[in-house]
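**Q** Chains as they are written, first to last, in the working numbering: chain G, 529 to 747; chain S, 529 to 747; chain E, 37 to 364; chain H, 37 to 364.
These are calculated hints, taken from the structure and not from any lab test.
There could be a bad hint or two in this list.
Partner residues are not named here, just some residues of chain H that face chain S (Cβ under 7 Å, in silico) [stated by the list, open to error]: (1) Thr115; (2) Pro117; (3) Thr118; (4) Asp120; (5) Met147; (6) Thr177; (7) Thr235; (8) Glu252.
As a list, the in silico DSS-like pairs of lysine-lysine whose alpha-carbon atoms are at most 27 Å apart [said to hold, decoys possible]: (9) E:Lys211 to E:Lys279; (10) E:Lys211 to G:Lys658; (11) S:Lys604 to S:Lys633; (12) H:Lys272 to E:Lys38; (13) H:Lys173 to S:Lys654; (14) H:Lys77 to H:Lys211; (15) E:Lys38 to H:Lys38; (16) H:Lys279 to H:Lys173; (17) H:Lys318 to E:Lys75; (18) E:Lys206 to G:Lys658; (19) G:Lys588 to G:Lys604; (20) G:Lys604 to G:Lys658; (21) H:Lys282 to H:Lys211; (22) E:Lys173 to G:Lys654; (23) H:Lys38 to E:Lys272; (24) E:Lys173 to G:Lys706; (25) S:Lys630 to S:Lys695.
The C-beta atom is built at its ideal place from N, Cα and C for all residues, glycine as well.
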Amino acid sequence: MLCNKFTGQNMTDTTFLPPLIAAIQAEILNNEEEISALDRAIGDGDHVTNLIRGLEALSKLNDELVQLDWSAAFMKIGMTLMSTMGGASGSLLGSMFVSMGKEAKEQDIDLAGITAIYAAGVESIKARGKADIGEKTMLDTLIPVMQSLQSDAEQNSDKATVLANIKAAATQGMQSTKDMLATKGRASFLGERARGHIDAGARTSQLILCVIADQLSEN
Amino acid sequence: MLCNKFTGQNMTDTTFLPPLIAAIQAEILNNEEEISALDRAIGDGDHVTNLIRGLEALSKLNDELVQLDWSAAFMKIGMTLMSTMGGASGSLLGSMFVSMGKEAKEQDIDLAGITAIYAAGVESIKARGKADIGEKTMLDTLIPVMQSLQSDAEQNSDKATVLANIKAAATQGMQSTKDMLATKGRASFLGERARGHIDAGARTSQLILCVIADQLSEN
Amino acid sequence: MKKLINSVESVLEESLNGFARAHSNIIQFNHQPNYVSRKNKSENKVALISGGGAGHEPLHTGLVGKGMLDAACPGQVFTSPTPDQMLMAAQAVENGAGVLFIVKNYAGDVMNFEIAAEMLDCPHETVLVNDDVSLPKDHSTGRRGVAGTLIVEKIVGAAAEAGADLATCKQLGDKVVNSTASMGVALTSCTVPALGQPTFDISDNEVEMGVGIHGERGREVMSLTTADELVQILAKAIDEDLKPAKEQCALLHINGFGATPLMELYLVYDSAAQFFEERGIKIVRSLVGNYTTSLDMAGCSITLTLMDDEMLQYWDAPVHTAALRWGI
Amino acid sequence: MKKLINSVESVLEESLNGFARAHSNIIQFNHQPNYVSRKNKSENKVALISGGGAGHEPLHTGLVGKGMLDAACPGQVFTSPTPDQMLMAAQAVENGAGVLFIVKNYAGDVMNFEIAAEMLDCPHETVLVNDDVSLPKDHSTGRRGVAGTLIVEKIVGAAAEAGADLATCKQLGDKVVNSTASMGVALTSCTVPALGQPTFDISDNEVEMGVGIHGERGREVMSLTTADELVQILAKAIDEDLKPAKEQCALLHINGFGATPLMELYLVYDSAAQFFEERGIKIVRSLVGNYTTSLDMAGCSITLTLMDDEMLQYWDAPVHTAALRWGI
Ligand SMILES: Nc1ncnc2c1ncn2[C@@H]1O[C@H](COP(=O)(O)OP(=O)(O)O)[C@@H](O)[C@H]1O
Ligand SMILES: Nc1ncnc2c1ncn2[C@@H]1O[C@H](COP(=O)(O)OP(=O)(O)O)[C@@H](O)[C@H]1O
Ligand SMILES: [Mg+2]
Ligand SMILES: [Mg+2]
Ligand SMILES: [Mg+2]
Ligand SMILES: [Mg+2]
Chain G
529 MLCNKFTGQN MTDTTFLPPL IAAIQAEILN NEEEISALDR AIGDGDHVTN LIRGLEALSK
589 LNDELVQLDW SAAFMKIGMT LMSTMGGASG SLLGSMFVSM GKEAKEQDID LAGITAIYAA
649 GVESIKARGK ADIGEKTMLD TLIPVMQSLQ SDAEQNSDKA TVLANIKAAA TQGMQSTKDM
709 LATKGRASFL GERARGHIDA GARTSQLILC VIADQLSEN
Chain S
529 MLCNKFTGQN MTDTTFLPPL IAAIQAEILN NEEEISALDR AIGDGDHVTN LIRGLEALSK
589 LNDELVQLDW SAAFMKIGMT LMSTMGGASG SLLGSMFVSM GKEAKEQDID LAGITAIYAA
649 GVESIKARGK ADIGEKTMLD TLIPVMQSLQ SDAEQNSDKA TVLANIKAAA TQGMQSTKDM
709 LATKGRASFL GERARGHIDA GARTSQLILC VIADQLSEN
Chain E
37 MKKLINSVES VLEESLNGFA RAHSNIIQFN HQPNYVSRKN KSENKVALIS GGGAGHEPLH
97 TGLVGKGMLD AACPGQVFTS PTPDQMLMAA QAVENGAGVL FIVKNYAGDV MNFEIAAEML
157 DCPHETVLVN DDVSLPKDHS TGRRGVAGTL IVEKIVGAAA EAGADLATCK QLGDKVVNST
217 ASMGVALTSC TVPALGQPTF DISDNEVEMG VGIHGERGRE VMSLTTADEL VQILAKAIDE
277 DLKPAKEQCA LLHINGFGAT PLMELYLVYD SAAQFFEERG IKIVRSLVGN YTTSLDMAGC
337 SITLTLMDDE MLQYWDAPVH TAALRWGI
Chain H
37 MKKLINSVES VLEESLNGFA RAHSNIIQFN HQPNYVSRKN KSENKVALIS GGGAGHEPLH
97 TGLVGKGMLD AACPGQVFTS PTPDQMLMAA QAVENGAGVL FIVKNYAGDV MNFEIAAEML
157 DCPHETVLVN DDVSLPKDHS TGRRGVAGTL IVEKIVGAAA EAGADLATCK QLGDKVVNST
217 ASMGVALTSC TVPALGQPTF DISDNEVEMG VGIHGERGRE VMSLTTADEL VQILAKAIDE
277 DLKPAKEQCA LLHINGFGAT PLMELYLVYD SAAQFFEERG IKIVRSLVGN YTTSLDMAGC
337 SITLTLMDDE MLQYWDAPVH TAALRWGI
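Produce the entire structure from the sequences given, and follow the hints as far as they go.
**A** Rendered as structure tokens:
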């Protein structure tokens with residue numbers, strides 16, 4: 529159920545998704561050069577291309593997605609990302625959404641439910657990637673956001689606070705990767721040379737989460 | 529016999545050759561960059577390297593050469609160039625000296641004899657290369673020099689005139705290649721694009737002939 | 037970016053089409069999901085499947101055929117393939133004796149193959165190739181899989197062809213991996229079509245030492261020096277890792293990254309063979325050429341595999357693929 | 037200049053040493069004069085000898101062995117070999133049935149081989165390869181010999197192995213030459229070690245159309261365009277030269293110049309095969325890879341050979357060389 533204090537009047541169902549996907553696509557394309565440079569610096573340079581490919585595939589799901597409930601929509605998104613992106617990020621984001629789809633069956637779409645769903649997604653990335661916070665990956669963006677959601681859910685914060693906290697946690701988490709040594713992903717091969725560069729996956733996760741927060745705040 | 533009006537007092541035998549070879553080597557090395565650029569522009573760039581390799585091999589013949597008469601020395605030079613230079617120029621210069629060696633058996637080393645020997649060498653290049661004047665090759669240097677020698681021999685010109693005419697003919701011949709279309713050698717593959725460039729083999733022939741003339745004038 | 041392509045979007049598909057067309061006697065190409073599979077497979081043979089990002093050609097598509105792989109799943113350039121490719125390929129080529137996945141150790145490859153394996157409902161095993169000794173053995177993600185992968189595929193491929201069962205193939209694969217060490221040096225980066233520019237900058241007097249095969253930087257930047265000195269560094273790391281006994285037989289593989297002429301690769305072979313022979317190793321087999329490439333990167337890697345009689349026999353067994361062929 | 041070498045002076049010798057070491061089972065390398073010759077030659081077989089400047093590897097050294105060449109004489113990089121090399125090689129491998137020289141049509145190669153032939157005192161013939169259709173048939177020096185040379189060597193090599201006599205081999209060689217047309221396009225120049233810099237400059241949006249194999253400029257500069265459009269130009273010139281009949285069988289060879297990834301060569305194959313098939317030609321054999329290279333030049337050539345049954349049978353016959361191997 530989507531009609532509640534947090535998710536807002538207009539976010540009644542998965543019709544929310546197509547415009548959101550379009551907004552994310554626009555934001556990633558806007559930052560394509562920068563993201564590409566990040567993955568070139570300490571990875572192999574393909575992260576943004578992989579993500580754009582995945583988002584393009586999602587954008588073609590429009591009609592299909594809006595006919596699905598949240599659980600099925602997340603599943604569909606996960607399977608689509610998994611079979612179009614490739615790379616480390618494809619398997620991870622794919623797993624995340626499939627797990628979110630599974631969890632969404634058990635949850636209402638309120639702050640607590642969304643928090644639980646998102647946490648299930650993040651946990652599946654940790655499990656699939658055998659990684660945790662502090663390893664210079666997308667998890668350095670994703671986990672702080674999970675923690676902020678969890679604490680806001682506990683405190684039953686109002687929507688503006690929740691969204692502001694998501695953006696702050698994502699941005700701070702993303703930036704924290706800059707000075708880290710990498711112990712997962714391709715950047716780990718570079719040892720000390722990886723320091724001083726932001727992780728590409730952390731940056732795209734942050735961009736995506738900020739777009740989601742902005743879209744939610746408009747609802 | 530070397531003691532005559534043209535060849536001078538000191539050029540009595542093949543001891544003349546080692547310092548001459550050294551002088552030629554120095555001149556080619558001095559102009560290496562330029563020659564390399566010429567063959568790069570309308571050929572494959574190796575002409576100067578081939579020539580330097582050949583000259584190095586000749587410079588190692590010192591002791592051997594001075595023990596030989598002119599005919600045998602030319603033969604030895606021809607065989608050495610032929611088996612060390614490679615490329616079009618190696619087979620041509622090799623053939624030239626082998627033919628000069630054969631002709632030297634029949635000639636005195638006076639102006640008429642030298643002219644006949646040189647002409648035999650040039651004829652062998654024409655035969656081996658199936659080429660003639662005006663095809664943008666080393667023959668555009670070599671043939672005018674042959675003609676100047678022949679006319680000076682007829683007129684029994686004095687040494688200074690002979691040598692000045694050699695240098696003038698060689699230089700003019702070399703320069704004449706600049707505006708030619710090439711019909712032999714690699715430059716022929718370029719069609720109109722070969723125009724405007726001096727032929728590398730014409731340039732090295734001219735440099736060599738000028739060094740020979742200068743060395744002879746000092747004797 | 038200067039490439040013989042029509043568009044960044046179509047390069048992979050068109051290249052695979054050309055590959056399929058050129059080798060239609062031995063392989064077929066399935067579109068969507070993309071995989072190359074072997075024609076005329078033997079009955080009741082363990083199915084060998086590998087895959088990875090494109091851009092390493094002939095690896096892996098060029099190694100599909102009798103005596104080697106049953107299927108290869110090419111991802112986008114330098115991007116691991118997706119699980120549906122491996123799953124569909126497995127379902128297409130499996131014929132009763134199970135599936136062996138041969139996976140280069142990269143997060144993306146490992147995870148995508150893992151997902152496929154989880155979905156596959158027939159007996160299966162995975163051999164993880166991690167032959168790159170430019171990283172320490174206890175590296176946080178494990179070592180990368182590089183040019184040694186071909187050797188694993190050849191030897192296990194011959195065993196499978198000879199009727200070895202899944203457990204035996206898996207064991208043999210692990211043995212080859214443990215007997216193999218590689219390390220590479222790059223003189224230039226390479227240009228991924230979708231990026232349109234080299235992945236990294238490098239000056240004219242520098243090399244990247246200890247590189248992987250995705251155009252990424254290596255372990256460290258070093259001054260460009262002689263081939264012999266570069267070979268020393270690579271070969272020493274390999275030697276210290278494998279610690280071969282005197283008189284040990286070995287296969288020496290010099291792998292070009294794509295833009296280095298064969299002339300230089302043979303020069304490197306000479307230098308490396310000398311290095312190992314001075315240490316008492318007997319080089320009994322050689323492989324020199326561009327096999328595990330990084331598009332148009334200049335540079336090469338050295339791979340040494342310590343060989344026993346069984347491995348030698350499987351190495352010599354007939355093979356008929358686009359890139360490796362003998363005895364047939 | 038970035039190369040895996042020790043010194044400009046030693047690169048050729050060291051590379052040949054490595055080649056000899058890596059393939060000691062099939063060839064041996066004679067120093068001074070340099071030639072590579074086949075081990076285990078058949079009795080009373082026409083001896084096939086080729087050669088040319090180094091820098092085209094695997095041509096010709098990589099094509100010495102059973103079913104192909106008996107000897108190859110490598111000159112310095114892009115410099116024709118010297119007559120003593122061909123003479124000594126001929127004396128070493130000739131065994132009663134005469135010598136066939138296979139020579140690419142370049143002034144230097146032709147003249148140096150000619151001098152060797154004049155000195156050789158056994159029956160001998162020369163097949164002159166001039167497959168490059170970027171030049172008109174009546175070009176003043178004749179057309180150049182390029183990637184089609186390998187096809188001549190393979191087909192005549194198989195005939196010689198099967199016992200064909202010198203006259204038959206010569207005739208067959210001429211027939212293959214007349215049935216073969218090639219043309220190439222370069223995206224970059226290449227760097228000859230002794231020069232230390234690229235032979236020509238070329239801007240990022242230009243190609244050299246109609247190049248030979250010595251890093252020299254081509255017939256004309258053109259704008260870099262799609263692979264399909266470049267293939268059109270090359271394939272059309274070939275088609276207009278050979279004027280094949282409908283249903284004519286042919287071998288299509290895409291040859292990389294050294295630095296172009298296999299991914300692109302297969303894409304070119306796809307495009308070229310489509311071109312010829314649309315004209316009714318049946319592409320029955322393919323060869324895609326770096327065979328007649330120009331060091332580290334990027335680009336490729338297309339070669340088409342019209343095949344009859346005899347040529348097909350010889351193409352398919354067993355061959356065992358460093359670079360080409362099947363059936364053995
Ligand atoms: N084990 C892992 N756990 C979590 N995230 C990871 C892991 N490995 C890689 N990543 C994330 O994936 C991103 C790279 O994705 P991408 O470039 O698409 O794949 P690849 O590394 O295979 O080229 C990295 O920037 C990092 O954020
Ligand atoms: N057929 C020929 N007749 C006379 N001279 C020729 C002929 N072909 C080439 N040359 C000369 O040889 C020179 C090139 O020599 P070189 O670069 O050593 O050999 P290659 O052309 O085989 O690389 C040309 O500049 C030209 O002067
Ligand atoms: Mg990446
Ligand atoms: Mg030249
Ligand atoms: Mg990748
Ligand atoms: Mg040359």
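**Q** With a cut-off of 27 Å on the C-alpha distance, tell me whether lysine 272 of chain H and lysine 38 of chain E pass.
**A** 23 Å, holds
**Q** Do the alpha carbons of lysine 279 of chain H and lysine 173 of chain H lie within 27 Å of each other, as the hint requires?
**A** At roughly 14 Å apart (the allowed maximum being 27 Å), lysine 173 of chain H and lysine 279 of chain H satisfy the hint.
**Q** Need the status of pair lysine 38 of chain H, lysine 272 of chain E: alpha-carbon distance at most 27 Å?
**A** 23 Å, holds
**Q** Holds or violated: lysine 604 of chain G with lysine 658 of chain G, Cα cutoff 27 Å?
**A** Status holds; Cα separation ~24 Å.
**Q** Lysine 211 of chain E and lysine 279 of chain E were given as a pair; does the straight-line alpha-carbon distance stay at or below 27 Å?
**A** 15 Å, holds
**Q** Verify the proposed pairing of lysine 173 of chain E with lysine 654 of chain G, using a straight-line Cα cut of 27 Å.
**A** 23 Å, holds
**Q** Hint check: lysine 588 of chain G vs lysine 604 of chain G, CA-CA at most 27 Å. Holds or violated?
**A** Holds, at about 12 Å.
**Q** Can we keep the threonine 235 of chain H interface hint, with Cβ of chain S closer than 7 Å?
**A** 5 Å, holds
**Q** Between the alpha carbons of lysine 211 of chain E and lysine 658 of chain G, is the straight-line distance 27 Å or under?
**A** 25 Å, holds
**Q** Can the hint on aspartate 120 of chain H be confirmed by a CB-to-CB distance to chain S that is less than 7 Å?
**A** 5 Å, holds
**Q** Please work out if lysine 604 of chain S and lysine 633 of chain S have their alpha carbons no farther apart than 27 Å.
**A** Holds. Lysine 604 of chain S to lysine 633 of chain S sits at ~14 Å (cutoff 27 Å).
**Q** Can you confirm whether the C-alpha distance between lysine 77 of chain H and lysine 211 of chain H stays at or below 27 Å?
**A** 25 Å, holds
Violated hints: none; the structure is consistent with every hint.
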